[in-house]
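Chemist: Note that the protein sequences, when read in sequence, are chains A and B. Start counting the first sequence at 1; every next residue gets the next number (UniProt numbering). Start counting the second sequence at 1; every next residue gets the next number (UniProt numbering).
Among the clues, some could well be false.
One copy or two, either will do: identical chains are not told apart, so a pair holds if it fits within one copy or between any two.
What the hints assert, rightly or not - Within a straight-line C-alpha distance of at most 25 angstroms, the following computed DMTMM-like cross-link-like pairs (lysine to aspartate or glutamate) qualify: (1) K31 / E42; (2) K61 / D315; (3) K31 / E330; (4) K289 / E174; (5) K191 / D301; (6) K219 / E174.
Don't read these hints as lab results, they were simulated from the structure.
If you want the building blocks of each chain, they are given just below.
2 protein chains.
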Amino acid sequence: MAQLDVETSVNKYPIHILENIRHQFNQYVSKDYSAIFIVTDERVANLYLEDVKESLASHPKVFHTVIPAGEQSKSIEAYYQLQTQAIEYGLDRQSLIIALGGGVVGDLAGFVAATFMRGIDYIQAPTTILAHDSSVGGKVAINHALGKNLIGNFYPPVAVIYDIQTLQSLPAKEIRSGYAEIVKEALIADKELFEDVMQEKLNQVTNASLRDHIFRGIKIKTHFVQEDEKEKGIRAFLNFGHTLGHALESEYGYGTLTHGEAVAIGMLFAMDVSNAVFSNCLPVETLRKWLNLNSYPLVLDEINSEKLLSRMKSDKKVSNNHVQMVLLKEIGNPVLVELNDEDIQKHLENFINKMMKN
Amino acid sequence: MAQLDVETSVNKYPIHILENIRHQFNQYVSKDYSAIFIVTDERVANLYLEDVKESLASHPKVFHTVIPAGEQSKSIEAYYQLQTQAIEYGLDRQSLIIALGGGVVGDLAGFVAATFMRGIDYIQAPTTILAHDSSVGGKVAINHALGKNLIGNFYPPVAVIYDIQTLQSLPAKEIRSGYAEIVKEALIADKELFEDVMQEKLNQVTNASLRDHIFRGIKIKTHFVQEDEKEKGIRAFLNFGHTLGHALESEYGYGTLTHGEAVAIGMLFAMDVSNAVFSNCLPVETLRKWLNLNSYPLVLDEINSEKLLSRMKSDKKVSNNHVQMVLLKEIGNPVLVELNDEDIQKHLENFINKMMKN
Numbered sequence: 001m002a003q004l005d006v007e008t009s010v011n012k013y014p015i016h017i018l019e020n021i022r023h024q025f026n027q028y029v030s031k032d033y034s035a036i037f038i039v040t041d042e043r044v045a046n047l048y049l050e051d052v053k054e055s056l057a058s059h060p061k062v063f064h065t066v067i068p069a070g071e072q073s074k075s076i077e078a079y080y081q082l083q084t085q086a087i088e089y090g091l092d093r094q095s096l097i098i099a100l101g102g103g104v105v106g107d108l109a110g111f112v113a114a115t116f117m118r119g120i121d122y123i124q125a126p127t128t129i130l131a132h133d134s135s136v137g138g139k140v141a142i143n144h145a146l147g148k149n150l151i152g153n154f155y156p157p158v159a160v161i162y163d164i165q166t167l168q169s170l171p172a173k174e175i176r177s178g179y180a181e182i183v184k185e186a187l188i189a190d191k192e193l194f195e196d197v198m199q200e201k202l203n204q205v206t207n208a209s210l211r212d213h214i215f216r217g218i219k220i221k222t223h224f225v226q227e228d229e230k231e232k233g234i235r236a237f238l239n240f241g242h243t244l245g246h247a248l249e250s251e252y253g254y255g256t257l258t259h260g261e262a263v264a265i266g267m268l269f270a271m272d273v274s275n276a277v278f279s280n281c282l283p284v285e286t287l288r289k290w291l292n293l294n295s296y297p298l299v300l301d302e303i304n305s306e307k308l309l310s311r312m313k314s315d316k317k318v319s320n321n322h323v324q325m326v327l328l329k330e331i332g333n334p335v336l337v338e339l340n341d342e343d344i345q346k347h348l349e350n351f352i353n354k355m356m357k358n
Numbered sequence: 001m002a003q004l005d006v007e008t009s010v011n012k013y014p015i016h017i018l019e020n021i022r023h024q025f026n027q028y029v030s031k032d033y034s035a036i037f038i039v040t041d042e043r044v045a046n047l048y049l050e051d052v053k054e055s056l057a058s059h060p061k062v063f064h065t066v067i068p069a070g071e072q073s074k075s076i077e078a079y080y081q082l083q084t085q086a087i088e089y090g091l092d093r094q095s096l097i098i099a100l101g102g103g104v105v106g107d108l109a110g111f112v113a114a115t116f117m118r119g120i121d122y123i124q125a126p127t128t129i130l131a132h133d134s135s136v137g138g139k140v141a142i143n144h145a146l147g148k149n150l151i152g153n154f155y156p157p158v159a160v161i162y163d164i165q166t167l168q169s170l171p172a173k174e175i176r177s178g179y180a181e182i183v184k185e186a187l188i189a190d191k192e193l194f195e196d197v198m199q200e201k202l203n204q205v206t207n208a209s210l211r212d213h214i215f216r217g218i219k220i221k222t223h224f225v226q227e228d229e230k231e232k233g234i235r236a237f238l239n240f241g242h243t244l245g246h247a248l249e250s251e252y253g254y255g256t257l258t259h260g261e262a263v264a265i266g267m268l269f270a271m272d273v274s275n276a277v278f279s280n281c282l283p284v285e286t287l288r289k290w291l292n293l294n295s296y297p298l299v300l301d302e303i304n305s306e307k308l309l310s311r312m313k314s315d316k317k318v319s320n321n322h323v324q325m326v327l328l329k330e331i332g333n334p335v336l337v338e339l340n341d342e343d344i345q346k347h348l349e350n351f352i353n354k355m356m357k358n
């Protein structure tokens, strides 16, 4: 239960999930690379950079760079600066980039790898729970001032090397953020995983449970990615909870809510809408209680349904100016539904009212 | 003899080569695109933009932008600005970009298409002879301050629409530049084409001959691209003449020599080296005479072999710090040869001496 494989149109790559694997990069990195360039952020550098460099000590050319932690590093300026460093360090087409960190590092360093000399190899080495999701599937991107992830590629890594041990250093907010994506994966594909996670108290989760949940989450992610690499069909189901989630993130400003916290609220909304559209009874209250118990921020302060709708409509997934939402017919049975503005706004208003009361 | 097809790992696209096809874009562009964004440069806009827009008049959303002509438009700033425009015009994943122009427009607009929302469709509509080469094969890129085409993707267009009629408006310098790439294609793959072109006086070339040469050139290009899309093997043969060519372009500053003029000198050098390495007798003098007759600038003023060598070594194709050159065992039989610095420099000095005497 330590390895999964992903098959894409251009390669097949392994996902290694192991405690303390950061000390064994040398076992997974070919000696043939002309140079290795590790990209990481301040927080992760302090904790794990030396371990990784040490494990690669036998390689003659290992460079690194440390970027500021946080979403602002996914800028065109940071992107260009990494390209400059890659050139100055003498990287060529036979070189490797290692993205050591969370989603920001993975997205940015992955997009640099995708476009440096028209594409070189890279390894995703996630150090957050949230990045179990973003590190698999080859979506890499930077932000545009007008929207998140608007500039990027589909470009799979050559491997994902995931040291579960590094998750021990995560603050509670980051654990919440990561678990929201696990809950999402469960809701669209695995009722049992959903029920298991609903039994967990996040500040008491054991390493064994964490590894188990992440493994099952990645397995689901892998399935959707393999079936639909370029997000022309079912991969879109992975956006469950993200329509409102992204809108909340940008409305409140990135950093107020974590990505997962925003998605958590988005999932409650998507379940509410699903119940209304399909007249079914998804366990919204079970999820709401679990989120509350685990200190997810669930209050929508001073939020305006019209503004949210307009945010939702600027998403990449909009088609012909209509919002497309992933809804659930039941747990494990997602569908993509196009909703008109009026209906969305009505649902939003109901939802905001309900949230304010809780 | 108006259409060729290219099969890639991700799609299959047609190359339409026809006189006045710019008036018939509507026949080749699906009505289903949510929006169409034409990118062109000042020179081409004045001549052909209205024709293309007119032919798309029945489409409800057609936008355009005009960039400055010339290599400086392949900058990160111009790239980001096009992304901004694409967002502001409301392009989404179902939209189309048309690159109407020469290699600069094709490379830049193609890279925007490759990375806008992780990749949307685009059409290459070349308007120069040189772009018969760059528009086929999916290489898109912008320049980095430290080197040409260092940031880019392999990203095939959905079609190439090539209006031979637009080549009538090209200045002599551009005709020379384009024909150098046709000669290159001939030398690596088609002796007959080489002999045919050697019979032509470029300022008297007929439309029929031009179409014939371009068609045969693209056919060769297509062959190498299909066999080796990501340039891991034989596609590198298309760089015949480019090792010294690129070095000359950057040494003299882009714009002094056109790309093709630099490649022409590079081919003479590569043939000289081939003759030395393989003790054979390629028709260097035939080519030199033809180049002279057609006013290619063949004098290497104030050039220094050490500087050139260092330029050659900063190329993307360098492997383990050794220059790799495409040489010819005979016409149509290219090989990739790694040369050490000493040998390269010796060849360069001989070549510079010989060029100065002519």
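Chemist: A separate judgement is required for each hint: does it hold in the structure or not?
Modeler: How the hints compare with the structure:
When the C-alpha separation of K31 and E42 is checked against a cutoff of 25 angstroms, the pair qualifies neither within a copy, at 27 angstroms, nor between copies, at 49 angstroms. In this assembly of identical chains, the alpha carbons of K61 and D315 lie at most 25 angstroms apart only when taken from different copies (19 angstroms versus 41 angstroms within one copy). For the homomeric pair K31 and E330, neither the shortest alpha-carbon distance inside one copy (49 angstroms) nor that between copies (37 angstroms) is at most 25 angstroms. For the homomeric pair K289 and E174, the shortest alpha-carbon distance inside one copy (19 angstroms) is at most 25 angstroms, but the shortest distance between copies (70 angstroms) is not.
For the homomeric pair K191 and D301, neither the shortest alpha-carbon distance inside one copy (32 angstroms) nor that between copies (74 angstroms) is at most 25 angstroms. For the homomeric pair K219 and E174, the shortest alpha-carbon distance inside one copy (21 angstroms) is at most 25 angstroms, but the shortest distance between copies (54 angstroms) is not.
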